[in-house]
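Just need the whole structure built from these sequences, with the hints factored in.
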Amino acid sequence: MKQGKKIALLFLLVFTAALLGGCNSSGNVGVIDVNKVMTESPKVKQFQEQLNVKGKELSDQLEKDKASLSAADFQKKQETLYAEFMKVKQEMEGQIDSSIKETLDGIAKEKKLGVILYKNGVAQGGTDITDDVIKKLQ
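All residue numbers for the sequence shown refer to the UniProt record's numbering, where the first residue is 1 and numbers rise by one.
Just so you know, the hints here were simulated from the structure itself, not pulled from any lab data.
One or more hints might be untrue.
Okay, derived cross-link-like pairs now, SDA-like style, lysine to any residue, Cα gap no bigger than 20 Å in a straight line [as the list claims (entries may be wrong)]: (1) K109 - T127; (2) K135 - P42; (3) K112 - D128; (4) K56 - Y82.
Computed beta-carbon distance windows for the label pairs [what the hints assert, rightly or not]: (5) N35 - K112: 17 to 27 Å; (6) V53 - G106: 25 to 35 Å; (7) T80 - G114: 43 to 53 Å.
Please read all numbers here as calculations on a predicted model, not as lab measurements.
Think of the CB as a built atom: it goes at the ideal place given N, C-alpha and C, for glycine as much as any other residue.
If you want it as structure tokens, here you go:
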């Protein structure tokens, strides 16, 4: 049985090396500072503003209804509005994530990058594409 495990492991290593070798034909590595993108991108700021507006709307609605609701009904309303806010937040985060991924795909093709890594995980080297991503996320 040990021989079978060794063969399976060897096969897996060879398959992974071949797969990675084929995907990374250019050998160029890009790096992205996601934190910088999240704080400086106009598109991300727009999503954040929309989320803040939605949160304020829901909060104002809850405050307005507070006087006319019993404590139990107020608690239920609060939970319902919080769930609605979280749903909107998740949708917006999905849109941001999709926009970033789409932008990264375009930049990777444009700059012939085989791999894009998170900047905080790279000790040295790589082409920093953070500003390119921010520019394209207008």
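Each hint tested on the structure:
1. K109 - T127: With a Cα-Cα distance of about 13 Å, the restraint between K109 and T127 holds, given a limit of 20 Å.
2. K135 - P42: Holds, because 9 Å separates the two Cα atoms, which is no more than 20 Å.
3. K112 - D128: holds (13 Å)
4. K56 - Y82: holds (12 Å)
5. N35 - K112: 17 to 27 Å: holds (26 Å)
6. V53 - G106: 25 to 35 Å: Given range 25 to 35 Å: holds, Cβ gap about 29 Å.
7. T80 - G114: 43 to 53 Å: Once the Cβ atoms are compared, 47 Å apart, the range 43 to 53 Å for G114 and T80 holds.
Figure legend: structure checked against the earlier numbered hints; every hint is met.
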